[in-house]
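Produce the entire structure from the sequences given, and follow the hints as far as they go.
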Amino acid sequence: MHRRPEGPVQFMTRYVIRRLLQAIPTLLGVSVISFVLVYNSPGDPILIRTFDPNITQETREILRRQLGLDQHWTLQYIGWLTGVTLRSGDVVEEFTRDDFHCSYAAGLNTTFCNSGGGILRGNLGTSIATNQAVWERLTERMWATFQLGVSALLFSLLVGVPLGVLSAVRQASLFDNSVRVLAVVGNALPSFWFGLMLIYYFGVIRGWLPTGGIRTVSLTYEFDLVDRIRHLILPTVVLAVGGIAVISRFMRTETLEVIRTDYIRMARAKGVAATRIWFVHALGNALIPLMTILGPAILGVLSGAVIVETIFSWPGMGRMTFSAAVQRDYPTVLGAVMFFSLLTILGNLLSDVLYGVVDPRVRL
Amino acid sequence: MTKNRFSLLAVLLVAALVLAACPQPTPVVETVKETVVVTQVVTQTEEVVVTPTPVPPVQGGVWVEGSSADATILNPILASDSASFDVLGWFFPSLLGQDPFSGAIVPTEMAESWDVSEDGLVWTFNLQDGVMWSDGEQVTADDFKFTYDAIGSDLVETPRKANLDNIESIEVLDPLTIQVTYGEVKCDALNNLGLGWLPSHLYADDYSDVMDSPLNENPTVSAGPFIFNEWIRDDNSTVLRNDNYWKGAPNMDGWIYKIVPDPGARLAQLQTGELDLIGVQPEQLTTIQLDANLNLHKFKDDGYSYIGLNQANPENPQAGQDDEGNLVEQDPHPILSDLAVRQAIAHALDYDAIISKVYLGQGYQIASNVLPAVEWAHDPALQPYAFDTELASQILDDAGWTDSDGDGVRECNGCATAAAGAVLTIRLQTNAGNTTREDLGALVQDQLNGIGFDIQFEAIEFGTLVGELLGQTFDMVIIGWTGLGTDPNDDSFWHSKFDTPGSGFNFVSYQNARIDELLEQAVSVPGCATEDRAPFYHEIQKIIHDDIPYVFVTGSVGNTSYSKKFNGTNPGPWSFYHNIETWSLAQ
Chain A
1 MHRRPEGPVQ FMTRYVIRRL LQAIPTLLGV SVISFVLVYN SPGDPILIRT
51 FDPNITQETR EILRRQLGLD QHWTLQYIGW LTGVTLRSGD VVEEFTRDDF
101 HCSYAAGLNT TFCNSGGGIL RGNLGTSIAT NQAVWERLTE RMWATFQLGV
151 SALLFSLLVG VPLGVLSAVR QASLFDNSVR VLAVVGNALP SFWFGLMLIY
201 YFGVIRGWLP TGGIRTVSLT YEFDLVDRIR HLILPTVVLA VGGIAVISRF
251 MRTETLEVIR TDYIRMARAK GVAATRIWFV HALGNALIPL MTILGPAILG
301 VLSGAVIVET IFSWPGMGRM TFSAAVQRDY PTVLGAVMFF SLLTILGNLL
351 SDVLYGVVDP RVRL
Chain B
1 MTKNRFSLLA VLLVAALVLA ACPQPTPVVE TVKETVVVTQ VVTQTEEVVV
51 TPTPVPPVQG GVWVEGSSAD ATILNPILAS DSASFDVLGW FFPSLLGQDP
101 FSGAIVPTEM AESWDVSEDG LVWTFNLQDG VMWSDGEQVT ADDFKFTYDA
151 IGSDLVETPR KANLDNIESI EVLDPLTIQV TYGEVKCDAL NNLGLGWLPS
201 HLYADDYSDV MDSPLNENPT VSAGPFIFNE WIRDDNSTVL RNDNYWKGAP
251 NMDGWIYKIV PDPGARLAQL QTGELDLIGV QPEQLTTIQL DANLNLHKFK
301 DDGYSYIGLN QANPENPQAG QDDEGNLVEQ DPHPILSDLA VRQAIAHALD
351 YDAIISKVYL GQGYQIASNV LPAVEWAHDP ALQPYAFDTE LASQILDDAG
401 WTDSDGDGVR ECNGCATAAA GAVLTIRLQT NAGNTTREDL GALVQDQLNG
451 IGFDIQFEAI EFGTLVGELL GQTFDMVIIG WTGLGTDPND DSFWHSKFDT
501 PGSGFNFVSY QNARIDELLE QAVSVPGCAT EDRAPFYHEI QKIIHDDIPY
551 VFVTGSVGNT SYSKKFNGTN PGPWSFYHNI ETWSLAQ
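Keeping their order, the protein sequence lines are chains A and B.
Position 101 (the first sequence) corresponds to 101 in the UniProt record's numbering; numbering is contiguous.
Position 496 (the second sequence) corresponds to 496 in the UniProt record's numbering; numbering is contiguous.
Which residues of chain B face chain A? A partial, calculated answer using Cβ under 7 Å:
#: 1; residue: T72
#: 2; residue: N236
#: 3; residue: D262
#: 4; residue: T464
#: 5; residue: S503
In silico negatives: residues of chain B with every beta carbon more than 12 Å from chain A:
#: 6; residue: L96
#: 7; residue: D115
#: 8; residue: Y182
#: 9; residue: Y203
#: 10; residue: N313
#: 11; residue: S337
#: 12; residue: A353
#: 13; residue: A513
It should be emphasised that the hints constitute simulated quantities derived from the structure, not laboratory data.
We put the CB at the ideal spot given by N, CA and C, even for glycine.
Shown next, in the form of structure tokens:
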């Protein structure tokens, strides 16, 4: 009996499921490493919040116990993961609240409390700084970061790809050298400085573009697409500069590699027009490896967003994560790290799947 | 000839165009007063005074304040950060007002007058009648009592528990009369009664919903000049005019609190008119001063920067008092417990250079712990330490700290506190990320090393620094106090009962029985008259100046810059917005 050969759809489905299953231990590993790093970083979140002579030590201790920060980090990790916290002795009355059920196990002399949360149940916990659900904090800002990230990614592709191909076409020309220099400069440009320069020139001196924010603030909210786009321009440019530099260099190399292949030589020999060779045959094939940098590019945009969102007062996740780290808001930092990790894993998976779709050889 | 004439014409034309294109100097617009008395000469001999026609205030307009941080919670008894108070301050009435210029407590808020019993323990406050919440309920004494009882409730976790210290009871005599009874006379007790009041009719009587109330994020009722409109976290908060505000509805339509984390971006937005008010960094002052569209408000802030000198051995932190309140003799710091070393440090620093180079001129030298802003308690006769490196070196020589091996660092050769041969090495720390303090640290290190110290300077993360401070495991620290308020009582920094490793703010382990006594007497003077309290504070300042537990570096200067969009602004050091209801859009 012969096994029927697997079709591309079944293959891909199995591949995606396998990769998603592999993501589970990866995420668990990320959770342990990030938890240990975050909870053992210097600085006490309670002391940072209560460095005030008017706040009593008793208040500090109450806050510390309520947030579970008085426990060993391993117990805190279990609580964060499962929503179940353990405390020695009978402290049912002290800790039971509306959403926090506790029971005392006399044999173990331990009180078990169940918050109904834990990241295994999809609950990222509650922010120490704002007392909001971390998931709520993330989702409030997700859309803003998504807008900025997607527009920066598109802008880097739209500018980076043609620059790379043209550099390859005009290899060793003044244009090619200029693009090379600009790529080095673009990669090295500190985004906080570049952002402030753009704000100063286009916002303050010329008055052409708003200097920050996601929209013009007003007492009444009305959606205005033009206003949104105007606010998006400067942060997009700053966030995209690094990407443009990387993509243009990558595309130049790939294009040069493709044009040395036999089928391009054959096309030339057959007398196909040079433009058609470059922009149809060469570009189409050179674009395929670009898929591989899609995952890292998403990560680059997310990490770059920390600075750009701060400079441009953009209410996104990057800025929130940065300020949460400064404030030692552990649950928010961990929630954001887990979320970013998931996005990175999905981004890598997406680029691998797309690569498989456009280039069947990788499935072999 | 014709060609030359054309050339000349062309040159003139170009010059005219260039001149026309040049920006004209913008006239400086002075703030216009609302009421103008017009004196008009009608004939050569007769002068007629025309009755002033009140200029009607212009309605409308929005004021946008820029802030680096967003509010965290809009509940006056749960909030502990200044950004939250910036926003919630518009909604909740408070018992006592504050003079925007002197900082004195004044009857401009809910208490229109008050009486105090002869023994100084019972305070009776008479409240304003007719103040309404925006939902139509009257603001009464019950709201005040509810708020303070909520703070005391076990169900409410609040950093404000200390506001109840020394209060024995709060009684509502009638809806417009409150009586607060204290356990002992405390002249600064009124400061604890300044919190905003919660609208008690919207909360459960047992305070069970205070922590989780939706009002904490969406305070729908207000008794202040503005009503809450919207809060988009990390972006902006908006408030709208309260047409029924008891002091008169503001002319402006609303106020926006916009979050702009980067200081450079805040300045840019002020210049483009996207913001109307920002706090100014010293390095931004020149830009502000050159911009004719902006006002600058400079004021002496209620804070100072200092170098804290740990008097006790950081390897053996001990509490300053035992359980019975007796002084516990401290294990002295091997170097800094030597008064001569502290005097040498105080004389070795070039305060003028520090203030001009590090603080960019935004500071002033102070002699001791009570700032000139608290005029009645400040002792102007006390002189700050003079910069004199020769004197500093001489003091160290005389005290037995000399450089016997010629390596440029002094050792103990007959000094009073350290072992013979001990090197004059001291750690100096501050919080990383505060560039002013980091610059100051480098300068202090340089200047002290110049007279034979070996200063090991490091900037560490703020949370770690706070741990070292409260744990009393540091040697010297560069830090500062802000928000000291209008009362000079700062016993938590100096009294031995606050020398408690891990929690107390007398973390320099300063011990002086006379200071303990004076601090206690100064806040329990019968009648609390300032002229009776002042002598105690003068003596306190003198002793602290002489003992040098802190080297006082500079008093803080605040700078805010604001647009000329509204007439009537009159900022004081204690309040920018005290008369906002009278502001009127400039035409």
